[in-house]
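Participant: Which chain is which? The protein sequence lines are V and P, in order.
Under our numbering, the letters of the first sequence match residues 1 to 607, in that order.
Under our numbering, the letters of the second sequence match residues 1 to 242, in that order.
Because the hints were derived from the structure by calculation, they are not lab data.
Owing to the predicted nature of the structure, the values given are computational and were not obtained by experimental measurement.
Even for Gly, the Cβ is constructed at its ideal location relative to N, Cα and C.
Keep in mind that a hint or two might mislead.
Short derived list, chain P residues pointing at chain V, Cβ under 7 Å [what the hints assert, rightly or not]:
| id | residue |
| --- | --- |
| 1 | Tyr8 |
| 2 | Asn9 |
| 3 | Asp22 |
| 4 | Asp24 |
| 5 | Ala49 |
| 6 | Arg52 |
| 7 | Arg97 |
| 8 | Lys125 |
| 9 | Lys136 |
| 10 | Gly139 |
| 11 | Ala218 |
Capping the alpha-carbon separation at 16 Å, the derived lysine to aspartate or glutamate pairs in EDC-like fashion look like this [said to hold, decoys possible]:
| id | chain 1 | residue 1 | chain 2 | residue 2 |
| --- | --- | --- | --- | --- |
| 12 | V | Lys134 | P | Glu124 |
| 13 | P | Lys212 | V | Glu555 |
| 14 | V | Lys497 | V | Asp444 |
| 15 | P | Lys136 | V | Glu555 |
| 16 | P | Lys125 | V | Glu119 |
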Amino acid sequence: MGLWLCTGRFGYYSGMGNIVSILREKQFDAIIVGGGGAGLRASLELSSSGYHVAVVSKVFPTRSHTVAAQGGINAALGNVEGEDDWRWHMYDTTLGSDFLGDQDAIEYMCKHAPDTVLELEKMGMPFSRDENGKIYQRAFGGQTRHYGKEFSVHRTCAASDRTGHAMLHTLYQQNIRAKTQFLTEWYAIDLVKSESGKVCGVIAIEMKTGDLYFLNAKVTVLATGGAGKIFKSTTNAYTCTGDGLGMVYRAGLPLQDMEMWQFHPTGIANVGVLISEGARGEGGYLTNSEGERFMQRYAPQYKDLACRDVVSRCSAIEIREGRGCGPNKDYVLLNISHLGEEIILKRLPGITDLARTFAGVDPLKEPIPVVPTCHYMMGGIPTNPQAQVIDVQKGKDQVVPGLYAAGECASVSVHGANRLGANSLLDIVVFGRAAGKHIKGLLDNGYEQETVDQGALNRSMSRYQRWMDNKAGPSYSELRLRLQNLMQKDFGVFRTKEAMQEGLDGLIAIRHEMQNATISDHSKAFNTALIEALELDNMIEVAYATALGALHREESRGAHSRIDFPNRDDKHWHAHLITYTDGRVAKRAVNMKPHEMDPIKLKERDK
Amino acid sequence: MQVTIYRYNPDFDQKPTYKMYDVDTSKVHGIMLLDVLEYIKANLDDSLAFRRSCGGGVCGSDGININGKNSLACITPFKELPEKVTLRPLPGMPIIRDLIVNLDQFYTQYNSVKPYLQTHSNPEKEHIQSIEQRDKLDGLYECILCACCSSSCPSFWWNPDKFVGPAGLLAAARFILDSRDEEKESRLKDLDDLYRLYRCRSIMNCTTVCPKGLNPNAAISKIRDEMIKSKTTCTEPHHEHD
Ligand SMILES: Cc1cc2nc3c(=O)[nH]c(=O)nc-3n(C[C@H](O)[C@H](O)[C@H](O)COP(=O)(O)OP(=O)(O)OC[C@H]3O[C@@H](n4cnc5c(N)ncnc54)[C@H](O)[C@@H]3O)c2cc1C
Ligand code: SF4
Ligand code: SF4
Ligand code: FES
């Protein structure tokens with residue numbers, strides 16, 4: 001283990017035998033870790049304010065996973081029906097969350113959805129258009145009007161089926177205009193905390209050179225996105241490894257509702273590439289081996305546009321009961337060919353390409369083989385609606401000074417136990433903006449930095465040092481594969497105590513072996529093995545948090561379905577679950593106090 | 001499958017080498033060339049460096065030169081490649097390590113066209129744009145900045161600091177043709193330069209390689225048309241300094 005010495009204004013040096021690693025230092029008012037939709041929306045709010053702000057991103061910003069979002073972003077604009085209301089959107093989101101979403105946060109998001117989306121349009125986002133020249137809106141799952149009384153509303157604003165691409169490029173372009181400073185292809189390793197517990201920035205590595213930096217910042221925003229890569233089969237990018245969550249866990253802070261993973265009903269079978277819910281929004285439907293439109297049977301009102309957790313479970317049941325398609329009867333079919341070439345090529349060109357490339361089928365003529373596939377992390381770093389990170393002490397929420405989180409890595413929580421399609425792109429811009437605004441207010445009032453001692457820096461460096469020092473032991477890639485297979489097997493759509501306990505034991509073993517795991521490349525310049533190894537540390541923490549929460553929650557709610565506890569149990573489990581890296585688990589109350597409307601009362605979800 | 005890959009690590013290599021990997025493709029999880037690279041990295045040699053993110057052809061990370069042609073590894077099925085494959089970094093760009101190139105110049109040119117909407121009006125709700133007006137952006141806005149085009153363009157190789165290049169010009173066209181933008185004239189004026197726009201010799205490499213099926217060459221023609229229409233073309237061309 002190296003010793004990290006302070007050398008005054010030139011930074012910090014490490015003496016390790018005759019190897020000397022230099023820890024350089026840069027100072028900022030705020031750093032934003034993540035250049036996806038959440039990070040770029042936050043930075044935009046701040047870069048025009050005159051503060052010294054930088055966006056740190058392990059990939060060039062437009063390569064962030066937001067770029068892959070297809071279907072759209074929800075906002076009650078009412079461009080199609082003529083009338084829509086953010087309260088109805090709130091109702092749908094709350095029911096969709098199976099009542100695990102915080103109603104103050106959901107209210108904030110739905111209420112600000114229209115102006116946030118219109119703002120994106122004004123920034124230049126190339127939305128598709130309707131006959132009146134307004135933003136095109138399509139139908140998506142779980143959406144109603146008049147509090148569940150009218151079905152199939154068109155609330156999802158779309159740029160063809162490339163909404164995430166259109167959004168991310170627009171936000172990046174606006175950041176060019178605002179002259180935001182980017183530390184592109186820099187990898188954040190760990191948070192640095194002062195003695196009093198204030199977060200004072202991160203340790204990061206400049207990938208091109210391999211140089212290490214202490215990015216000293218008064219405020220740190222985590223916008224590091226999802227972590228779907230902990231599963232073998234996922235629609236997520238290689239980069240979705242839960243880095244922000246690992247950082248928070250290691251800093252002794254909690255993660256919330258990590259048992260809640262969304263399995264998307266229409267991932268292309270055997271490849272994990274997504275076919276957007278927009279396909280069903282435009283009129284596509286699922287069939288089983290008997291050619292039956294089975295969703296009509298399970299959900300007579302919502303049909304194929306029922307919530308994702310519901311549709312995924314139904315597909316899984318169809319497959320389990322022998323009505324799956326193909327030689328192994330292990331997938332169902334998504335039909336869109338009846339929509340006709342014109343609609344398909346206009347509204348769904350991206351997924352047409354994907355189906356041709358990855359499934360080898362032409363959706364103009366044939367159905368697409370699909371299976372429920374890991375897609376989205378509803379849980380994450382607990383925050384309040386200002387995006388401030390929360391710790392819970394003696395049963396009370398405490399704001400963690402200097403730390404914010406927004407986007408998929410955060411659990412604010414608007415998605416609760418199940419996210420509605422097209423609510424995540426909304427979440428990331430609404431709360432990215434909220435974070436930016438709140439930080440600006442904080443800095444305007446003269447927010448001061450605290451001094452960081454050598455011990456804190458050493459702790460944040462220790463992980464890097466471990467990977468560089470370990471010379472004999474299992475390879476990181478072998479352990480990663482074991483982790484992904486384990487999660488896939490024991491924490492999928494249906495869960496049982498036995499499987500999950502076995503899974504948790506396996507995870508603890510992997511976690512243990514990780515201490516000796518190795519990379520064989522110890523060079524400095526663009527060492528992607530090192531980056532993947534550091535990512536794996538985070539994936540294991542995310543998986544561990546998932547396992548803790550999933551075993552603990554003895555009910556079925558939203559995406560968490562337990563065969564041994566098939567019903568929702570509000571009496572015992574209408575609560576968030578927070579877990580810590582040392583294995584502690586606790587409940588945290590769900591917010592039921594929206595400011596401008598009556599709370600939406602607990603009830604069974606409609607079908 | 002025999003995959004020969006360009007290797008260079010600035011930490012210790014004086015000059016680049018090629019390394020051959022024998023891959024049993026039945027062990028590869030997936031059907032794309034990127035899956036082969038992932039297999040090599042996980043099982044044969046973790047020091048191989050390449051970029052990737054989405055794995056689905058939308059993020060533009062993994063543009064590389066595959067048997068002489070630029071493309072994205074993640075949407076190139078390895079079954080459609082010959083038994084022997086040679087992979088090189090994108091040509092004409094400074095190399096950082098292995099298949100990873102420095103794209104700073106490429107991004108600088110992109111930034112130079114002011115790739116953001118410029119308007120002075122502030123409608124109460126959204127800008128109204130007809131379906132036909134919006135259709136004009138199709139084929140322009142979908143660019144993923146993979147640099148496959150610019151790194152196959154001879155004009156960009158010779159003048160990366162002065163010629164905007166196909167990707168940058170495609171972005172320029174995307175804003176020039178956006179009915180909402182109010183800086184069309186200044187955009188055209190900025191490009192009316194022997195290097196920035198007119199270095200394009202219509203060699204068409206860009207359009208041939210674009211993995212997203214976009215046509216930068218056609219976009220460049222559209223910019224030229226707009227220039228003629230707006231009559232901002234200089235009557236006195238600048239002198240060439242090559
Ligand atoms: C295929 C697909 C389709 C989707 N479609 C839709 C849709 O239609 N509608 C919808 O609402 N939602 C959709 N979603 C969900 C939505 O796209 C994501 O939840 C959302 O984009 C996440 O945005 P983000 O800004 O939080 O994170 P990301 O966009 O993932 O960005 C994370 C950022 O953090 C950076 N980062 C991470 N770790 C580090 C580190 N250690 N150091 C430095 N930087 C780091 C990355 O470089 C990146 O810039 C879809 C998701 C998928 C997978
Ligand atoms: S058409 Fe123009 S931009 Fe395209 S490759 Fe040729 S010279 Fe380059
Ligand atoms: S135009 Fe095509 S080849 Fe060029 S950067 Fe864009 S997507 Fe890549
Ligand atoms: S990995 Fe994203 S385009 Fe290939």
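Participant: Work down the list of hints and note, for each, if the structure agrees.
Facilitator: Taking the hints in turn, this is what the structure says about them:
{"no.": "1", "hint": "Tyr8", "result": "10 Å, violated"}
{"no.": "2", "hint": "Asn9", "result": "6 Å, holds"}
{"no.": "3", "hint": "Asp22", "result": "18 Å, violated"}
{"no.": "4", "hint": "Asp24", "result": "17 Å, violated"}
{"no.": "5", "hint": "Ala49", "result": "5 Å, holds"}
{"no.": "6", "hint": "Arg52", "result": "6 Å, holds"}
{"no.": "7", "hint": "Arg97", "result": "4 Å, holds"}
{"no.": "8", "hint": "Lys125", "result": "6 Å, holds"}
{"no.": "9", "hint": "Lys136", "result": "10 Å, violated"}
{"no.": "10", "hint": "Gly139", "result": "11 Å, violated"}
{"no.": "11", "hint": "Ala218", "result": "18 Å, violated"}
{"no.": "12", "hint": "V:Lys134 to P:Glu124", "result": "12 Å, holds"}
{"no.": "13", "hint": "P:Lys212 to V:Glu555", "result": "46 Å, violated"}
{"no.": "14", "hint": "V:Lys497 to V:Asp444", "result": "51 Å, violated"}
{"no.": "15", "hint": "P:Lys136 to V:Glu555", "result": "52 Å, violated"}
{"no.": "16", "hint": "P:Lys125 to V:Glu119", "result": "9 Å, holds"}
In this structure, the hints that do not hold are numbers 1, 3, 4, 9, 10, 11, 13, 14 and 15, in rising order.
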